[in-house]
Structure formats: structure tokens, C-alpha cells
Amino acid sequence: MKEKGPCAEQKAELLFCLLRSSCCQDKKLTPRQCLEPGNFPSECALARRAFHLCCLQPVDKKARLTGFKYTASK
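Numbers 1463 to 1536, taken from the numbering used here, label the letters of the sequence shown in order.
The hints are simulated quantities; they were obtained by calculation from the structure and are not laboratory data. Just so it is clear, the structure is predicted and the values come from calculations on it, not from any experiment. Among the hints, erroneous ones may be present.
[To be verified] Taking lysine-lysine and the DSBU-like style, the derived pairs with C-alpha atoms no more than 35 Å apart in a straight line are:
1. 1473 x 1489
2. 1490 x 1466
3. 1490 x 1473
4. 1489 x 1466
[As the list claims (entries may be wrong)] Ranges of calculated distance between the beta carbons of each label pair, as one might list FRET restraints:
5. 1518 x 1489: 17 to 25 Å
6. 1488 x 1468: 28 to 36 Å
7. 1468 x 1500: 17 to 25 Å
8. 1490 x 1518: 13 to 21 Å
9. 1489 x 1466: 25 to 33 Å
Idealized CB from N, CA, C, for every residue including glycine.
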């Protein structure tokens, strides 16, 4: 993925996690459909949280000064 932006890495991690999950592999749902509450795979919870926290950072004044630090791999 060649997407740019402050949360591109976290978004890519979430997308690849969803694509590897049973939701996309077995049920043949799209990643967008897998994000719905009834379909969301539990193994992607960490990646979703990292993406959510990254998206919130620009709103947080302290985070704007300290930089983006959330990744799903931590």
C-alpha cells in the first residue's frame, strides 16, 4: 500500500489483519463488512485500537507535540 498520512501504517495493518481473518477468508466478506460489530474478528482488535488511537491523536494537543507513537505491533 502506498497510502500517505499520519495513520497509513496503522490502517494498512488493520486492512491486512482483516484480509487474513476468517471473516474475509471463510465468509468471503469485504474488509468493510468485517468491521461491523457482528462480523469483527477478535484477532484484529489490537490493530483496530491502534488505528483508532492514531486517528484521535491530531485532536489531542499533547500528541501533536510528541508525535505519533501508536502501532499495532506494540
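How the hints compare with the structure:
Restraint check for residue 1473 and residue 1489: the C-alpha separation of about 22 Å stays at or below 35 Å, so the hint holds. For the proposed pair residue 1490 and residue 1466, the alpha carbon gap of about 28 Å is at most 35 Å, so the pair holds. For the given pair, residue 1490 sits about 20 Å from residue 1473 by alpha-carbon distance, which is consistent with the 35 Å threshold. About 30 Å separates the Cα atoms of residue 1489 and residue 1466, which keeps this hinted pair within 35 Å; it holds.
Against the hinted window of 17 to 25 Å, the Cβ-Cβ separation of residue 1518 and residue 1489 comes to about 30 Å, which falls outside the hint. Between residue 1488 and residue 1468 the C-beta distance comes to about 33 Å, which sits within the given range of 28 to 36 Å. Restraint check, residue 1468 to residue 1500: a C-beta distance of roughly 30 Å breaks the suggested window 17 to 25 Å. Checked against the hint of 13 to 21 Å, the pair residue 1490 and residue 1518 fails, with Cβ atoms roughly 32 Å apart.
Our hint of 25 to 33 Å for residue 1489 and residue 1466 holds, since their Cβ atoms are close to 31 Å apart.
In summary, the numbered hints that this structure violates are 5, 7, 8.
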